[in-house]
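Protein chains: 2
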Amino acid sequence: MEFEANVEVQLKEGIADPQGSTIENATPKLGFNGIENVRVGKSIRFTITAEDEATAKETIQELCEKFLTNPVIENAIIHLQGAE
Amino acid sequence: MEFEANVEVQLKEGIADPQGSTIENATPKLGFNGIENVRVGKSIRFTITAEDEATAKETIQELCEKFLTNPVIENAIIHLQGAE
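Sequence lines, in order, name chains A and B.
Following the numbering used here, the numbering of the first sequence begins with 1 at its first residue and continues without gaps.
Following the numbering used here, the numbering of the second sequence begins with 1 at its first residue and continues without gaps.
Because the hints were derived from the structure by calculation, they are not lab data.
Accuracy of the hints is not assured; some may be wrong.
[Claimed, not checked] Not the full set, but computed from the structure, chain A residues with beta-carbon under 10 Å of chain B:
| hint | residue |
| --- | --- |
| 1 | G14 |
| 2 | N25 |
| 3 | L30 |
| 4 | F32 |
| 5 | N37 |
| 6 | F46 |
| 7 | E53 |
| 8 | F67 |
| 9 | T69 |
| 10 | V72 |
Ideal Cβ positions, reconstructed from N, Cα and C, are used throughout, including at glycine.
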């Protein structure tokens with residue numbers, strides 16, 4: 001079976017995020033108010049072929065730990081959707 | 001009202017994504033099979049204070065066009081969740 005995966009990688013709470021701070025500081029100057037706590041992460045989309053959803057999720061979790069994230073400073077949120 | 005926003009910025013289809021290709025080529029060498037069509041984008045999370053959900057969405061759309069994306073090569077997907 002083929003699944004659509006979306007892995008969102010965000011810096012953990014407490015880790016400085018200069019890119020997010022820059023966006024947060026720029027928004028009022030551009031006329032946008034009320035925007036706070038900006039955090040910039042990565043969004044990795046791909047298709048994965050696996051026997052079932054549990055296997056796909058397990059593979060992605062392993063992939064995240066080994067390769068897609070730095071587990072010391074980053075968290076991953078895995079979204080998985082069944083395709084054909 | 002305060003809303004939790006998550007803006008996912010992805011390169012448009014047909015735009016070369018070297019970062020995605022690198023991940024895709026590396027996965028089989030690391031022992032992961034069946035991973036295809038890897039696309040790497042950005043995920044920007046923030047809180048926004050607005051009168052209602054429609055206003056919040058409109059502000060974010062404007063923010064995306066002006067500031068968070070390059071509309072020539074990138075698409076934005078906006079996820080919005082109500083908080084207190």
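Going through the hints against the structure:
no., hint, verdict
1, G14, "violated, 15 Å"
2, N25, "violated, 12 Å"
3, L30, "holds, 6 Å"
4, F32, "holds, 6 Å"
5, N37, "holds, 5 Å"
6, F46, "holds, 4 Å"
7, E53, "violated, 14 Å"
8, F67, "holds, 6 Å"
9, T69, "violated, 12 Å"
10, V72, "violated, 19 Å"
Checked against the numbered hints above, the structure violates hints 1, 2, 7, 9, 10; every other hint is satisfied.
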